[in-house]
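Asker: These protein sequence lines are chains G and E, in that order.
Our numbering numbers the first residue of the first sequence as 204 and each following residue consecutively.
Our numbering numbers the first residue of the second sequence as 10 and each following residue consecutively.
It should be emphasised that the hints constitute simulated quantities derived from the structure, not laboratory data.
Errors might be hidden in some of the hints.
[As the list claims (entries may be wrong)] So, partial list: chain G residues that the calculated Cβ filter (under 8 Å) puts toward chain E: (1) Pro234; (2) Ile262; (3) Leu314; (4) Gly336; (5) Tyr346; (6) Met350.
Keep in mind the model is a prediction, meaning the values are calculated, not measured.
C-beta: ideal position from N, C-alpha, C; glycine also.
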Amino acid sequence: MPTELLLFYALGAGAVLSTAAMLLPTTGRSPIHAALLLIVSFFFLAGLYALLSAHLLSILQIIVYAGAIMVLFTFVIMLLNLSPDEIREPKISYAKMLGGGVALFVFGKLLNGIGLAASAAKAVDLTQHDTFGTVKEVGHMMYSTFMVPFELVSVLLLVAAVGAVVLAKKNLAYVDRPVPSPAEEFKTEGHAAGDGEAAAGHGGHH
Amino acid sequence: MTAIPLGHILTLAALLFSLGLVGVLTRRNVLIMLMSVEVMLNAVNLTLVGFSRYNAWTEGHVLAFFIIAVAAAEAAVGLALVLSVFRLKQTTYIDDLRLLKR
Numbered sequence: 204m205p206t207e208l209l210l211f212y213a214l215g216a217g218a219v220l221s222t223a224a225m226l227l228p229t230t231g232r233s234p235i236h237a238a239l240l241l242i243v244s245f246f247f248l249a250g251l252y253a254l255l256s257a258h259l260l261s262i263l264q265i266i267v268y269a270g271a272i273m274v275l276f277t278f279v280i281m282l283l284n285l286s287p288d289e290i291r292e293p294k295i296s297y298a299k300m301l302g303g304g305v306a307l308f309v310f311g312k313l314l315n316g317i318g319l320a321a322s323a324a325k326a327v328d329l330t331q332h333d334t335f336g337t338v339k340e341v342g343h344m345m346y347s348t349f350m351v352p353f354e355l356v357s358v359l360l361l362v363a364a365v366g367a368v369v370l371a372k373k374n375l376a377y378v379d380r381p382v383p384s385p386a387e388e389f390k391t392e393g394h395a396a397g398d399g400e401a402a403a404g405h406g407g408h409h
Numbered sequence: 010m011t012a013i014p015l016g017h018i019l020t021l022a023a024l025l026f027s028l029g030l031v032g033v034l035t036r037r038n039v040l041i042m043l044m045s046v047e048v049m050l051n052a053v054n055l056t057l058v059g060f061s062r063y064n065a066w067t068e069g070h071v072l073a074f075f076i077i078a079v080a081a082a083e084a085a086v087g088l089a090l091v092l093s094v095f096r097l098k099q100t101t102y103i104d105d106l107r108l109l110k111r
């Protein structure tokens with residue numbers, strides 16, 4: 204068996220096993236264990252990308268996925284500060300069995316489609332095309348053919364960052380503090396300055 | 010000529026995608042459901058990289074890059090929502106979020 208195929212099977216088995224361990228109710232019950240197993244799975248996938256000569260994506264997978272996104276996940280889990288007794292024992296229900304059935308059905312359908320796609324596949328020889336997947340080639344395409352989508356993605360990231368900050372804000376007006384009616388507002392203004400401010404500041408706090 | 014058959018790459022991607030789908034449909038912790046969505050996006054990326062390798066198309070890599078960017082945006086907004094819901098209801102389980110059901 205060629206080394207390439209052997210590596211593919213090893214990395215693929217690692218990715219599938221760590222993902223499955225993340226989803227099992229025993230090993231992946233607490234969110235922090237699941238997050239760490241998912242990071243392992245992302246490293247295996249980065250290896251698979253490198254094996255398929257996607258140099259840039261393999262590095263991006265580690266920097267962006269295993270680095271940035273999973274750090275965000277672990278940071279939020281830390282911020283929630285869940286105690287062990289807040290993590291529940293999973294229970295089996297009809298809805299979950301139906302969910303498993305749906306996933307199995309989708310897997311079957313996908314395998315069906317793969318049979319058709321893979322039968323006609325013949326890999327292009329990369330020996331004449333040795334810049335394939337490098338930073339230079341992918342970057343060149345990103346800044347020429349995909350110029351507009353690339354700029355739009357930067358806008359999307361900006362919007363997402365601003366949206367995340369607004370959503371995670373501590374005092375969202377409609378969550379924490381009931382909007383005072385005009386009459387109440389008038390009353391608060393009528394009070395002495397110190398009292399009025401204190402009442403407004405702690406108005407809807409519980 | 011690569012030694013890895015395309016069918017094997019696609020089967021692995023399909024398996025990972027289905028595992029992610031199982032996670033979204035059966036786990037009840039919002040954080041783990043979000044992680045399962047990330048697994049599904051990664052499975053799609055693997056498909057794109059596999060097809061790119063077979064046709065020597067760089068377009069697939071650029072598309073996978075865009076998916077990574079969108080996944081980052083989705084994770085940021087999703088986690089902000091989880092935080093905001095946790096402040097309101099003190100839970101990360103979607104079984105407890107049934108305000109519209111009553």
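Asker: Hint by hint, say whether it matches the structure.
Answerer: How the hints compare with the structure:
no. : hint   : result
1   : Pro234 : holds (4 Å)
2   : Ile262 : violated (11 Å)
3   : Leu314 : holds (6 Å)
4   : Gly336 : holds (6 Å)
5   : Tyr346 : violated (10 Å)
6   : Met350 : violated (11 Å)
When each numbered hint is compared with the structure, violations occur for hints 2, 5 and 6.
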